[in-house]
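K.L.:
Sequence:
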Amino acid sequence: MDPHMPDFIESYKYADLDALIELFGHLRAANPTARVHIRVGSEMGPDEYANHLVLLGGVDWNQVTAILLPEIELVVRQLQRPEESNPGAFEVGEGEQREVLSPVLRRSGEHDVLREDVAHFYRSTNPFNVKRTITICNGMYQRGTLGVVRALTDEEFRKRNDHYIHTRFAGADTFSIISRVRVVNGVVITPDWTMAADRLHEWPAERSDAR
1 MDPHMPDFIE SYKYADLDAL IELFGHLRAA NPTARVHIRV GSEMGPDEYA NHLVLLGGVD
61 WNQVTAILLP EIELVVRQLQ RPEESNPGAF EVGEGEQREV LSPVLRRSGE HDVLREDVAH
121 FYRSTNPFNV KRTITICNGM YQRGTLGVVR ALTDEEFRKR NDHYIHTRFA GADTFSIISR
181 VRVVNGVVIT PDWTMAADRL HEWPAERSDA R
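Sequential numbering of the sequence shown, starting at 1, is according to my numbering.
Keep in mind the hints are simulated off the structure, nothing from the lab. Here the structure is a predicted model, which means the values were calculated and not measured. Hints are not guaranteed to be accurate.
[As the list claims (entries may be wrong)] Restraint-style ranges between C-beta atoms, simulated for each label pair: (1) E43 to T125: 34 to 44 Å; (2) A29 to R168: 21 to 31 Å; (3) P46 to N185: 40 to 50 Å; (4) K13 to A205: 18 to 28 Å; (5) G93 to T194: 36 to 46 Å; (6) M195 to D2: 24 to 34 Å.
For every residue, glycine included, the Cβ atom is placed at its ideal position computed from N, Cα and C.
When you get a sec, could you build the whole thing from the sequences and use the hints?
P.N.:
Here you go:
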């Protein structure tokens with residue numbers, strides 16, 4: 001949209017708006033004295049790269065995510081969508097252990113309806129500043145991104161999900177979860193990470209007790 005138009009809306013430059021609004025509101029409420037900035041990749045400067053970073057969306061839409069992937073330890077690969085009609089997928093494992101995790105769509109009349117998205121939650125040390133963190137919330141569709149954001153903002157689920165990741169990944173600086181995000185009658189259902197069915201892949205793998 002032309003910024004000189006009377007009805008110009010600057011926020012239209014952002015993707016994943018539902019997830020962005022949800023996340024920004026939560027971060028401001030939880031950290032009332034902190035400065036929380038919203039940026040697109042082209043607006044980011046050295047201070048933003050060296051601070052706590054939360055990236056919404058994957059390599060298709062977020063250029064910062066694409067730039068940072070070679071800099072971080074990541075076992076999950078996002079298969080790019082060659083065209084909008086392609087649902088995309090996440091890929092994990094190698095060789096015979098390779099697994100592709102894709103959204104579930106159902107045909108309804110002339111349209112495909114999203115029933116389940118897959119979304120990736122990743123947290124690690126910021127590669128540009130070891131005293132800061134990087135978090136990636138990335139669904140194949142925007143509803144998946146919203147769902148994985150809500151996993152840690154939704155008042156009903158955030159405490160149990162936060163407890164799960166702090167227990168499951170205790171002592172780990174880097175971890176990730178690929179989550180199922182169900183969509184019921186157009187409504188995004190917050191994933192419950194205490195339910196195994198909502199966790200499609202976790203890394204690092206859970207270690208067995210030594211015998």
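K.L.:
Now, for every hint given, state plainly whether the structure supports it.
P.N.:
Right, here's what the structure says about each hint:
no.: 1; hint: E43 to T125: 34 to 44 Å; result: violated, 24 Å
no.: 2; hint: A29 to R168: 21 to 31 Å; result: holds, 26 Å
no.: 3; hint: P46 to N185: 40 to 50 Å; result: holds, 45 Å
no.: 4; hint: K13 to A205: 18 to 28 Å; result: violated, 39 Å
no.: 5; hint: G93 to T194: 36 to 46 Å; result: violated, 24 Å
no.: 6; hint: M195 to D2: 24 to 34 Å; result: violated, 47 Å
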